[in-house]
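Given chain A, put chain B in place with the hints provided.
Here the protein sequences come in this chain order: A and B.
Using the numbering used here, read the first sequence as starting at 1 and increasing by one per residue.
Using the numbering used here, read the second sequence as starting at 845 and increasing by one per residue.
Output of the computed footprint for chain B on chain A, the stretches with three or more beta carbons under 8 angstroms from beta carbons of chain B: (1) 376 to 384; (2) 636 to 642; (3) 647 to 653.
Sample of chain B residues with no beta-carbon within 12 angstroms of chain A, all distances over it, derived: (4) G886; (5) P976; (6) W993; (7) D1122; (8) L1174.
Honestly, the hints are just simulated from the structure, not real lab data.
For each residue, glycine too, the CB sits at the ideal point set by N, CA and C.
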Amino acid sequence: MTNTAATAAPAIEHDPNVAVRADGLSKSFGGILVLKNASVALRKGEIHGLVGENGAGKSTLAKLIGGVHVPSGGHISVGGRVTHIPNPAAAIALGIALIHQEPLTFPDLSVAENIFIHRQPRRYGIVDWASMNAQAAAILTSLGVTINPRQKVRGLSIADQQTVEMAAAISQHAKVLLMDETTAALTPSEVKDLFRVMRQLRDQGAALAFIGHRLEEIFDICDRITILRDGEIVGHKLTRETSIDEVLRLMVGRPMDAMFARQIDHKPGDVALEVRSLCRAGEFEDISFNVRQGEIVALAGLVGAGRTEVARAIFGVAPAESGEVLIAGKSARINGPRDAMRLGLALVPEDRQHHGVLMPLSVWRNATLAIADRLARLGFVRDSSAKSQTADYVERLQVRLRSIGQPIRELSGGNQQKIVLAKWLMTKPRIMILDEPTRGIDIGAKAEVHKLVSSLAAEGIAVLMISSELPEVLAMADRVLVMREGRLTGEFERKDATQEKIMAAATGQGVAAAMDAAHRSPQPSGASLWTRFRELGIAAVVVLAMTIASCLQPRFLSNGLRGVLIDSTLIAIVAMGQMMVIITRNIDLSVGSTLGLTAIVVGKLLLDHPGFSPIEAGLIAVVLGGMLGLFNGLLVALLDVPSIIATLGTYTAYRGLTFIYSGGKQVDSVPRWLTALSQVPAGVPWIVYLAAGVAVATAMWLGYSRTGRDIFAAGSNPPAARLRGIGIRGILMLVFTITGALSGFAGLLYASRIPYVNPEGAGKQMELVVISAVVIGGTNVFGGSGSVLGTVLGCLLLGIINVALPTLGVSDFWQLAVYGLCILVAATTDTFIQRRSGLAAELP
Amino acid sequence: MNDLEHLPDASAPAPPWRRALGGMSAARTKEIAIAGLVLLVGAGTCWNNPAFLTAYNLDNLMQRVGMYGIFSIGMGLVIITAGIDLSVGSVFALEGVFLSIMLSGAWPWPFTYFVGPHWPWPLRYVFGHPWPWPVACLGAVAIPTLIGWFHGTVVTRIKLQPFIVTLCGYLFYRSLARTLVIDKSQEFSSLGGQALVALATGHTLGMPRSFVTLIVVAIVVGILLHRSVWGRYLYAVGRNEEAARYSGINSARIITSAYILNGVIVGIAGIFIAVEADSVSPNNHAVGWELSAIAAAVVGGCSLWGGEGSVIGVVLGTVLLILLRNMVNLVGAPSQTEGMVMGAVIFIGALVDQFLTNRRKKAKIVYADAPATPQRGFDVITAGDKSKPS
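Just chain A, same shape as in the assembly (with noise of 0.2 angstroms):
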């Protein structure tokens, strides 16, 4: 559902050839002002460059008119008429598609179910796959790509994605595309078809956005820039009237008094940190600098240059693959944060939120994490010391809060910085790494920051700081080191930096940028010839299993089968249900109680009311087990309760409610319609013929219907899904319904079986036998993916072992352990291979 709500304002004097206008915006988070005022418009047919600094609104502006923030103030016109846009897919509904730099794509769908997820062309009411290949096809063409429509996105590079995120985006008829930083993380020949595609675009009408660091490219594709810095609008030009320099200069150019003056009146001293060579594959090459006592060093640079990773790597959260790093000239071996601490380094991570501090915990545990050890005695913590400690910090850093036992949430960003800075002078530090210590932080604190951290050096202590704020860099460094993906392309002294040359070093003005071969090569696509390989896998295991069966009793073939294919069906059923809903990353253990409960209401109203009919009879199993499995869905998808919690709740209540309906006695006889399910009219029960139906109708439903497919959408990626327009809360509902109503169905079954029904044993321990099928048989546990056929195969093995290991000797003791080894087997190897693809560090 989408929200577009045009105010009552008239259109005002319109130029038609503007696709978007922005009128006056502004925006602030937490007090900060990060754009003000800004005016700016998109026109048709043409590519508009946003350059600036690093903070300085140009992804703010984009994200505003993206629909991804309100603004809070001036208002954004498409087509003339002033508009409110609301979130995402409002801005989708306008024809305005955000390009992100971390493609939103879902990664276990094909890329034409990407571009089409939710609006896939149907024939006769159902998914029409061929039609919707070849409409992707025609746009990526249009584009000028060659991707395989068929392939599954998870392969592809990022440059790939980014393009199928295109042309997902122009599927929906966009009109005005804003290209956020998507060249970051390019290689030149990728940047090139880029631009390419980009053009056509341009060409065929489309208004075109792209912010971008690397001043080259924008003098490349852009027809005008716009330049912004410390969130206002400081210029608007014709790329072909201006010039590189003159871009340079309205991005840095601003007066200097603001910043707080260091007085140096100290020399350095030896070299405590040095670092040789520094490499590691992907991030940042052949790094060597040092840094002496009491000397401030600044590492500045583009956001992505590849310095908070060299960072990382020297003080062991990432060591650096090759290199050294010696400290006061020794060198040193730093595998870990603890190496490093003892050797007396520190680092305030760039990451204040969520590698800084513990957001949930207190002042003075946050402050004393890092020395929690050293302030005890005998492993026990003394809190007295820790707090006072604490206590002296505060008043020396003038850290303003209400008590040092607040949450730490609860202070401003300013004096959590400061909070952060404590914990780590607490530790004593020789050598400290700041990793823009003042960002987000307000101007006072900022200025009380730099005092201290000017007070540091003058104390002896060596100080490496990363900051993408040139004023900062100037005021506080004594050397100013440049990087520029991933090497250090400058190098100055105090009194030779001006903001023009870190800028020219930090966006590359005649540095060639070596890195493009070695990292960016695309992911390899093993993982959806994996989950080819993987249903081929298990068929052949269960080929094998038979195989050996029959040989060891040959009788197997003809009554052990039988056998097999009894126990698999109830399984099998459920099983779809329960794939469905480990497909949506959650899990269903109440299936067993839920087929128990059914089984026993159904059976007792078939023993009290002979005259209930087969439909009927199945109808009102089905609709008891669905409302089951409905309440399941509600406390997921509505109150959001974690589904192993909800599900062992109904696990726990479902079988007490059995036991209370039977009274405790079991069901002793059962219509002879009903058993005659598992009789053999031609060699195969009927049983059987109705778990294939129900097999073939979930394989059926979830490849060709629009539900289906947005349940792997769910599963895949949720936050994309949600900005398509897919209501994961339904879904949920639906998955839970479901597998209820199949559970229901499986305990009318599972009458047929065995001529009683036991409120106790029904179903019992069911669920894991299901979820065990269900992983065997290759759904991923993180969700996304799965297939009906797998799953089958799974309960099909599972069902041969079942019967095949009295037969081999074994004893039925370990039936249970063999499934657990199973399952062992195929979480490891899955988990494996998706880390191999690079699955793993994908997953939101």
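Coordinates of chain B only, in the frame set by chain A:
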């Protein structure tokens, strides 16, 4: 990459309801709530059926609280690391069987089957003759400890989800137990464990020994959790493993040690459980008991996403569950409805937890940059990386 976007919109003091509680932490609030519930249920049962207050009933209750409470504490530890242990019941079966073998000096079946009458020396040393009960108990406790080490290592090194690992354990250990004694029930009193039985079912200071042991375990674990560096690190790791690493904490070692400690605790509880049942039938012994522990822990304030929980809360949760079961009995309902009651309690516990978390999230002013929205359901079990926003 503009992390300004996560900042709160303003800086203001805490909402009134929190201030009213005198700045009490959420943990304390939950503990008080459960204590209140316990009193309520107790009073209600008492009023309904005075048999509740008889010495016999109270003694029975204390004994059960002791038994269940011990391993619930262990489960609480694992849950604090954002993990889970589904194998506890099967471990009890394995431990019970092992204990009976050590006490009685019987030969485990597989060895007889495979190796024949001539045993290699180490096995002949361990099996085939009865051990005095202290040694047998030590041996029995060693089994869950080793299993705990194994789980912890697989979770931290191979990075399999705790759910999957312990699910396989659930399936595997019981089979092993059944194999060792060919599925025969083991009886302690007849197998030479009389001294142990007397010890474990006896009384100290008027209270059942299991209850006393619970108190001891609770105190020890409580000190560890709340007063030691290890405990601080455990909470930090459970809360946000990445941030803990950045602060120099060895999260792999902490998590593994939590599983090992859980193993020791399970081992201790397992002795009481085996002896109380007197007859350990490997197929049925302690089936499903892990759910009781999970229920007690969750109700007692442990969040499945890790980083939260207290020993007192878990013990209170156990008391609540036992009381509810007792109430069901005294009211005259069939024992299977206990399961329903437990289910209801789990719901309520989870809902209340959800409610408190949502209140915290909604109070934008103060809690705006609270930890990321937890993923749904299974995700909690599969993806341990809670630190990334969704």
